[in-house]
Structure formats: C-alpha cells, structure tokens
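Note that the UniProt record's numbering has the sequence shown beginning at 1, numbered continuously upward.
Everything labelled a hint here was simulated from the structure, so no lab data went into it. Here the structure is a predicted model, which is why all the values come from computation and not from measurement. Keep in mind that a hint or two might mislead.
Label-pair restraints from in silico Cβ distances [claimed, not checked]: (1) Asn368 <-> Asp320: 18 to 24 Å; (2) Ile200 <-> Leu316: 51 to 57 Å; (3) Lys178 <-> Lys114: 34 to 40 Å; (4) Ile281 <-> His73: 42 to 48 Å; (5) Thr19 <-> Pro297: 52 to 58 Å; (6) Glu256 <-> Lys302: 23 to 29 Å; (7) Arg3 <-> Glu290: 20 to 26 Å; (8) Lys352 <-> Arg221: 53 to 59 Å; (9) Arg221 <-> Gln462: 20 to 26 Å; (10) Asn368 <-> Gly471: 27 to 33 Å; (11) Ile293 <-> Gly471: 41 to 47 Å; (12) Ile200 <-> Glu120: 51 to 57 Å; (13) Asn155 <-> Gly179: 29 to 35 Å; (14) Lys352 <-> Pro435: 53 to 59 Å.
Simulated pairs of lysine to any residue, SDA-like, Cα-Cα distance not exceeding 25 Å [to be verified]: (15) Lys236 <-> Lys99; (16) Lys339 <-> Thr394; (17) Lys99 <-> Glu37; (18) Lys338 <-> His315; (19) Lys352 <-> Pro388; (20) Lys114 <-> Ser67; (21) Lys236 <-> Thr456; (22) Lys302 <-> Pro157; (23) Lys287 <-> Lys114; (24) Lys114 <-> Met207; (25) Lys339 <-> Pro260; (26) Lys352 <-> Asp320; (27) Lys302 <-> Asp320; (28) Lys99 <-> Asn429.
No residue lacks a Cβ here, since even glycine has one placed at the ideal position from N, Cα and C.
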Amino acid sequence: MPRIIQDELTIPMDDEELTLVDKLNNDQKFAYNTIMEVIQRKQTMAFFVDGPGGTGKMFLYRALLASLRSDGHIAIATATSGIAATLLPGGRTAHSRFKIPLIPEASSTCSISKQSDLAELIRRAVVLIWDEAPMVNRRALEALDRTLQDLMEINSPFGGKVLILGGDFRQVLPVIPKGTKAELLDACIVNSPLWRYIKILHLTQNMRSINDQQFSEYIRRIGDGIEPFATDDLIKVPSSMAIPWEGDHSIAQLIEQVFPDLQNHAYNARYMVDRALLTPINEDVDKLNEKIITQFPGEEQKLYSFDEVEDDTQHLYQQDFLNSISPGGLPPHILRLKKGAPIMLLRNIDPKVGLCNGTRLLCRGCFNNVIDAEILTGQYAGTRVFLPRIPLKTTENVHLPFVMIRRQFPIRLSFALTINKAQGQTIPNVGIYLPDHVFSHGQLYVALSRGVSQSTTKLLVQKGTIPGEEGVHTKNIVYKEILLHSS
1 MPRIIQDELT
11 IPMDDEELTL
21 VDKLNNDQKF
31 AYNTIMEVIQ
41 RKQTMAFFVD
51 GPGGTGKMFL
61 YRALLASLRS
71 DGHIAIATAT
81 SGIAATLLPG
91 GRTAHSRFKI
101 PLIPEASSTC
111 SISKQSDLAE
121 LIRRAVVLIW
131 DEAPMVNRRA
141 LEALDRTLQD
151 LMEINSPFGG
161 KVLILGGDFR
171 QVLPVIPKGT
181 KAELLDACIV
191 NSPLWRYIKI
201 LHLTQNMRSI
211 NDQQFSEYIR
221 RIGDGIEPFA
231 TDDLIKVPSS
241 MAIPWEGDHS
251 IAQLIEQVFP
261 DLQNHAYNAR
271 YMVDRALLTP
281 INEDVDKLNE
291 KIITQFPGEE
301 QKLYSFDEVE
311 DDTQHLYQQD
321 FLNSISPGGL
331 PPHILRLKKG
341 APIMLLRNID
351 PKVGLCNGTR
361 LLCRGCFNNV
371 IDAEILTGQY
381 AGTRVFLPRI
391 PLKTTENVHL
401 PFVMIRRQFP
411 IRLSFALTIN
421 KAQGQTIPNV
431 GIYLPDHVFS
441 HGQLYVALSR
451 GVSQSTTKLL
461 VQKGTIPGEE
471 GVHTKNIVYK
481 EILLHSS
C-alpha cells in the first residue's frame, strides 16, 4: 500500500474525537446529517459550510472526520492557511495537498498525474474538506475541479466527489495586489461558474462568545455591515472596549491591558497563547513587537541574517542595502529574541507535525544556528521543536527588481500580529491597534471576532475622534454584495 494512503488510514484519533458528534448543536447536527447521508448513499454533492467566526465550523469538520475515519474511510482535510490546517486532524494546506499552482490562471490544473499515489488517495477518499475557501482565488477552485474530473474520469462538477468547502465571506477575501474592488469580487468563489452546483449549509450559533451575547451580536452587525454609522462612514466603538487616544502612552496602556504583569510571565505558555495585539500592517506589527521585547525580562540575543540577490554574480547590490529591506513575508535582518518570548513561523516547514506558516511558538532556547521552541497552538501544542536557519526568497508581490534571498530563522516575534495572520485563531485577550483605519473588507470583523468578550477585547484607534461626538469611532469596510444570508 502506498505510504501516502497508509498515512491517511493511520491518522491518530483520541477517544474525545469520537464523542464530538454527541456535542453538536442543532445547526451543526443538521449539517452533519445532511453531509453523512450523501456520503452513505454514495451520492455526489458539493457543500459550503457558512458560519461567522466562532460558530463551530472546525468542530463540525472534526466530528465528520472522526466518524468517517473510525469506520476505515479516507477523508482528506485541508485549509487555505497553514494555521487552520493544523487545527484539523491530519490537515494540510489545500495548495500542498492538491498541488494547486501558487498563481492559478484561467485554465490551470493541479500538478497531479493520474498514475500517482496522490491520485489514488484522492480516488479512494469519500470526502474532501477545504476550510477557509473564501480566502482563495476562484481560479484555484476551478483548477481543482478540472483535475478531479480528469482523475475520476467523470464529466461532472468536482469529478463526482463529495466536496465540503467552508468559511465566512465576512472575513478577508482573496488578495489581489493593487486590484480594484471589482477585480477582488470577481476573484471570489461565489462568482465562479461552479458556485451554482454548491449547496449552502448555515451555522449561526456563536460558541466562541456564547457567554457574552451582546458582544456576539455586535460582531455579527460589524460583519454584516449593518452596525449604524455615527457619521462619515465611521461606527462607534463600545466604551467598554475603547481606549481613547491620548498620545504614545495610550499604546503602553493597550500593551498593559493585554499583557498585564508581563515581567512575571516569561516562559508561561498558557499566558502567551491567550493574548496578542493585532494591527493591519507589518510595519506597525514590528513597532509593537520591538516595544514589547524591550520590556520583556531576560538577556536579549541579536541574530543577523545573511542577504544576497539571486544570480547576482557581479555583486551589484551592497549588503547594507539588502539588510535594510524588510518585506512582509521575510524575517527581519536583525532578529531580537529573548527566552520565553512568543514567536511566529513564516513558512510551512513541516505541516504534518504542526510547523506551518502562522504557527505560534514560545522561544525556549536561542543559539547561533538553531532555535529551541515549543508549539503554542493547534493539536501539537506543547511539542518541542528545533528550528534551523533557512534561505527565504522574496515573492513576486514584493515588487523588487530582483529576487532577494535572506538566510535567517523563518520567524518573527508574535506579541503582535497582522489582522490577516490572526484569521482562524481564538485569542481570549486581544488588543487591536489602528494607527489608521482598516483598509479592506472584513478586517475589523476578523480582528474583533478573534476575541471572546467585550471585557477582554480592547481597541485603540489613533484617528477615532469626531468633533462634537463623544467616544471612539472607526471605519468598517464591508462588501455586502459578497455576503451569504441564511433564509
């Protein structure tokens, strides 16, 4: 039996996974029964599980996976982001599992040959799950459809496989560099010709903020774009969550609210995993992380990268210039670290053991060529890993006239994260810092819905004052035409 199939058939499952079906709420139970009936009758169907953050989409997938795998079936679990993939037992990113091109074109297919072991795995699978599908360009879904029709030799949507897509169109949509609103909407999977073949299942009960119904309803209004505007397309932030802007010391106040008594909590994994600051752009993430690592106790180590330009045989670019470049997807030239500080992985190193782009870890030891770290999130939380220095290349969307290679540890500090990086994570104590208002659909909603209650969610808006109006205000951008509404 091919190794890839053997691995799928031996995904570890604890007793708790098998009890998940009994814990499903009414919405989840309806979705579960609808999907299982199609699988058991060997019918073909594609589903989209729609639910705001916190309504238990992941819980539903895990219940389905446990039921099917315990009966000896193969069920393939994927997600668009690495961090969401680590929350699914046996999960991989959709791009790596289905070999989807990184930048799919209108007629792209996946790089899977009909004779490969992966093709056989897909043929044997009774269901394919793809979480966070709204984040992906519709051309990726269309590439998978063409490939499945080819592998299965069936000329029907998705080759007749049972496909479960899931996600929330209130959240961040596909990234189209410098794209217009029209281009962004066109890239969404709801505008694919395949969408008409997909049955929508709605989850509506928020389990994450179940103890704060007022907060849950506020987040839903933000996501649906129906929270009333105070003026000038700005909404009012509830006073219990707002920190008024009174200069730079307001940032210190936000840090103290989210990381109280930080000096006494170095090395405390539980403390670190429960809190983070979120902000829209990498530049402000770096400023917040620099500020907090300075306050953090312990001896600081500075780890320097070695930078070069690909195929630069003439050495046209000076080291100092390359060192000064700080593109979003790369670690900094100077990585300032202390033992006990939280860090985030910037590449998919080994997804099957939880080391994905977006995985949060705790630095346990810091050496010149290796970092000793503990995984903080997902099913591998608590696992100790060693991270080496690796060469990392800039990507096409960085807009440099060359490809730069930075040899550095593939991490950043993660006291603070970008809002987009936080998608899919629950952060019980969250602080949102907006030096400027959010600039894209779903950003404010994603930031707020990481939290669990008003009392542990704080918002600092630098430009949040409206003359003649009390309180703190901010912008909320929602493209209502993309949202799905439960009947």
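Handout entry: Which numbered hints fail
Key = Hints 5, 7, 8, 10, 11, 12, 14, 15, 16, 17, 18, 20, 22, 23, 24, 26 and 28 not satisfied by this model.
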